[in-house]
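So the sequence lines, in the order shown, correspond to chains P and F. Using the numbering used here, read the first sequence as starting at 1 and increasing by one per residue. Using the numbering used here, read the second sequence as starting at 103 and increasing by one per residue.
No wet-lab data here; the hints were simulated from the structure. All figures in this text were calculated on a predicted structure; none of them were measured in a lab. Think of the CB as a built atom: it goes at the ideal place given N, C-alpha and C, for glycine as much as any other residue. Hints may be right or wrong, so weigh each one.
To be verified - Derived DSS-like pairs (lysine-lysine); straight-line CA-CA distance at most 30 Å:
1. K188(F) x K31(P)
2. K127(F) x K61(P)
3. K46(P) x K127(F)
4. K188(F) x K66(P)
5. K66(P) x K31(P)
6. K127(F) x K73(P)
7. K188(F) x K61(P)
8. K188(F) x K127(F)
9. K31(P) x K61(P)
10. K31(P) x K46(P)
11. K46(P) x K73(P)
12. K61(P) x K73(P)
13. K46(P) x K188(F)
14. K46(P) x K61(P)
15. K31(P) x K127(F)
16. K73(P) x K188(F)
17. K66(P) x K46(P)
18. K31(P) x K73(P)
Stated by the list, open to error - Short derived list, chain P residues pointing at chain F, Cβ under 7 Å:
19. A14
20. G17
21. L21
22. A24
23. T25
24. W27
25. F32
26. G38
27. L39
28. D41
29. G55
30. E58
31. V59
32. L89
Unchecked claim - Pairwise CB distance ranges (calculated):
33. L214(F) x S77(P): 46 to 54 Å
34. R185(F) x A54(P): 48 to 56 Å
35. F225(F) x R67(P): 21 to 29 Å
36. W140(F) x K61(P): 39 to 47 Å
37. P8(P) x A201(F): 50 to 58 Å
38. V166(F) x T43(P): 46 to 54 Å
39. R95(P) x L214(F): 53 to 61 Å
40. V238(F) x T43(P): 32 to 40 Å
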Amino acid sequence: MSLPGFDPVVHAPARLGIMALLAATEWADFKFIRDSGGLSDSTLSKQLSVLEEAGYIEVRKGFVGKRPRTWVKLSASGRAAFQAHVAALQEIVERAGKAVMA
Amino acid sequence: MGDPIDMDANAAAAALAEIQARQGKVIDRLLVPNWYWWGVGLGMVVLGVAVDFGTATLVTAAAVVYGVGVAILTLGLVLGAQRGAKVSPELLGNRGTMAMLLFIWGSILVSLGTGFGLRALGFAYPATAATVVGAVAMIGGGPRLMGYLRSVMLANRTASAR
């Protein structure tokens with residue numbers, strides 16, 4: 001049995017939190033994601049790299065004044081993957097519910 | 103965790119709860135706090151009292167202070183909500199946008215209707231009465247509007263959309 005849409009890249013806890021946050025936003029900056037998720041700089045950088053390699057996020061770097069800033073947004077494929085993953089999770093919960101009721 | 107077969111319902115439910123909690127925090131950033139409605143409402147009443155009891159200079163000064171104050175307050179909240187992240191407007195959707203417009207225009211029309219209606223009836227302090235009505239709409243309706251918008255946005259977020 002396999003669940004279409006279930007995505008191990010998305011499902012890792014830190015990445016799931018990042019994807020959930022990004023799915024509700026047009027963009028978010030590095031600091032906001034880090035603070036919202038209680039992640040360290042290195043952990044967030046690593047997780048963002050994984051998501052970027054998968055093509056799920058777009059990362060843009062720039063400056064606000066003299067301060068370097070990093071903005072992140074979900075790509076179209078990332079949004080689709082996240083939605084499919086959420087649907088798969090809901091499917092698991094629903095199946096269990098039906099099994100309990102049977 | 104990588105194999106869907108190993109995923110039990112409790113773990114899936116926990117993951118969904120985590121998603122909802124994360125997105126709920128993002129949504130809450132958009133909501134206007136209760137003190138905003140009190141500030142706007144009470145300021146409105148002060149303006150109404152100035153219109154009924156004050157001189158032209160006082161009315162002008164009150165209108166400018168009120169207008170600038172509300173603009174600064176609103177701008178501060180909007181910019182604050184967008185600091186660090188911009189919430190997707192899709193979350194609000196047509197229902198949320200319509201609710202906001204109805205609330206704003208409804209409050210304005212009720213206030214103006216009250217003021218002009220009372221003035222036509224010869225009431226001595228129509229501006230004060232109208233702004234009290236407007237303030238009650240703001241203070242009573244504002245938080246309710248925020249509650250409604252929150253429920254709309256929660257319903258529109260990805261975790262709920264199936």
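Consistency of the hints with the structure:
Taking the CA atoms of K188(F) and K31(P), the gap is near 13 Å; set against the 30 Å cutoff, the hint holds. Distance hint between K127(F) and K61(P) is fulfilled; the C-alpha atoms sit about 25 Å from each other, no more than 30 Å. Distance restraint check for K46(P) and K127(F): the Cα-Cα separation of roughly 23 Å lies within the 30 Å cut-off, and the hinted pair is therefore satisfied. Distance restraint check for K188(F) and K66(P): the Cα-Cα separation of roughly 22 Å lies within the 30 Å cut-off, and the hinted pair is therefore satisfied.
A threshold of 30 Å between alpha carbons decides the hint, and for K66(P) with K31(P) the separation of about 16 Å falls inside it, so the pair holds. Restraint check: the Cα-Cα separation between K127(F) and K73(P) comes to about 17 Å, which is no more than 30 Å; the hinted pair holds. Under the criterion of a C-alpha separation no larger than 30 Å, the hint pairing K188(F) with K61(P) is consistent with the structure, at around 16 Å. A hinted pair counts as satisfied when its Cα atoms are at most 30 Å apart, and K188(F) with K127(F) qualifies at roughly 13 Å.
A hinted pair counts as satisfied when its Cα atoms are at most 30 Å apart, and K31(P) with K61(P) qualifies at roughly 13 Å. Among the hinted pairs, K31(P) with K46(P) is consistent with the structure: their alpha-carbon atoms are about 14 Å apart, no more than 30 Å. Distance restraint check for K46(P) and K73(P): the Cα-Cα separation of roughly 16 Å lies within the 30 Å cut-off, and the hinted pair is therefore satisfied. Only pairs whose Cα atoms come within 30 Å are accepted, and K61(P) paired with K73(P) is accepted, the gap being roughly 12 Å.
A threshold of 30 Å between alpha carbons decides the hint, and for K46(P) with K188(F) the separation of about 23 Å falls inside it, so the pair holds. Distance restraint check for K46(P) and K61(P): the Cα-Cα separation of roughly 16 Å lies within the 30 Å cut-off, and the hinted pair is therefore satisfied. Note on K31(P) and K127(F): the hinted pairing holds, with a Cα-Cα distance of about 15 Å set against a maximum of 30 Å. Pair hint K73(P) plus K188(F) holds up; C-alpha atoms about 10 Å apart against a cutoff of 30 Å.
This hinted pair checks out: K66(P) and K46(P) have alpha carbons roughly 25 Å apart, not beyond 30 Å. At roughly 13 Å between alpha-carbon atoms, K31(P) and K73(P) fall within 30 Å of each other, so this suggested pair holds. Violation of the interface hint for A14(P) is found here, the shortest Cβ-Cβ separation to chain F being roughly 11 Å, above the 7 Å cut-off. This hint holds: G17(P) has a C-beta 5 Å from the nearest C-beta of chain F, less than the 7 Å allowed.
This hint holds: L21(P) has a C-beta 5 Å from the nearest C-beta of chain F, less than the 7 Å allowed. The interface hint given for A24(P) holds, since its Cβ lies 4 Å from the closest Cβ of chain F, which is under the 7 Å cut-off. Interface restraint check for T25(P): the shortest CB-CB distance to chain F comes to about 5 Å, inside 7 Å, so the restraint holds. Taken as an interface hint, W27(P) checks out: its beta carbon lies about 6 Å from the nearest beta carbon of chain F, inside 7 Å.
Checking F32(P) against chain F: minimum C-beta separation of about 3 Å stays under 7 Å; hint holds. About 11 Å separates the beta-carbon of G38(P) from the nearest beta-carbon of chain F, more than 7 Å, and the hint is not met. Checking L39(P) against chain F by beta carbon gives a least distance of about 12 Å; that is not within 7 Å, so the hint is violated. Proximity of D41(P) to chain F is violated relative to the hint, the smallest CB-CB distance being about 15 Å (cut-off 7 Å).
Taking 7 Å as the C-beta cut-off, the interface hint given for G55(P) is violated, the closest approach to chain F being about 18 Å. Below 7 Å, beta-carbon pairs count as interface contacts, and E58(P) has none with chain F, the closest being about 14 Å; its hint is therefore violated. Against a cut-off of 7 Å between C-beta atoms, the interface hint on V59(P) is violated, since the closest Cβ of chain F lies about 14 Å away. For the restraint placing L89(P) at the interface with chain F, the shortest Cβ-Cβ distance is roughly 4 Å, inside the 7 Å limit, so the hint holds.
Restraint check, L214(F) to S77(P): a C-beta distance of roughly 50 Å satisfies the suggested window 46 to 54 Å. As the Cβ distance of R185(F) to A54(P) is approximately 28 Å, the hint placing it in 48 to 56 Å is violated. Against the hinted window of 21 to 29 Å, the Cβ-Cβ separation of F225(F) and R67(P) comes to about 57 Å, which falls outside the hint. About 42 Å separates the C-beta atoms of W140(F) and K61(P), a value consistent with the hinted range of 39 to 47 Å.
For the pair P8(P) and A201(F), the beta carbons lie near 39 Å from each other, so the given range of 50 to 58 Å is not met. A hinted range of 46 to 54 Å for the beta carbons of V166(F) and T43(P) is consistent with their spacing of about 51 Å. A beta carbon spacing of about 56 Å between R95(P) and L214(F) agrees with the range 53 to 61 Å that was offered as a hint. Restraint check, V238(F) to T43(P): a C-beta distance of roughly 50 Å breaks the suggested window 32 to 40 Å.
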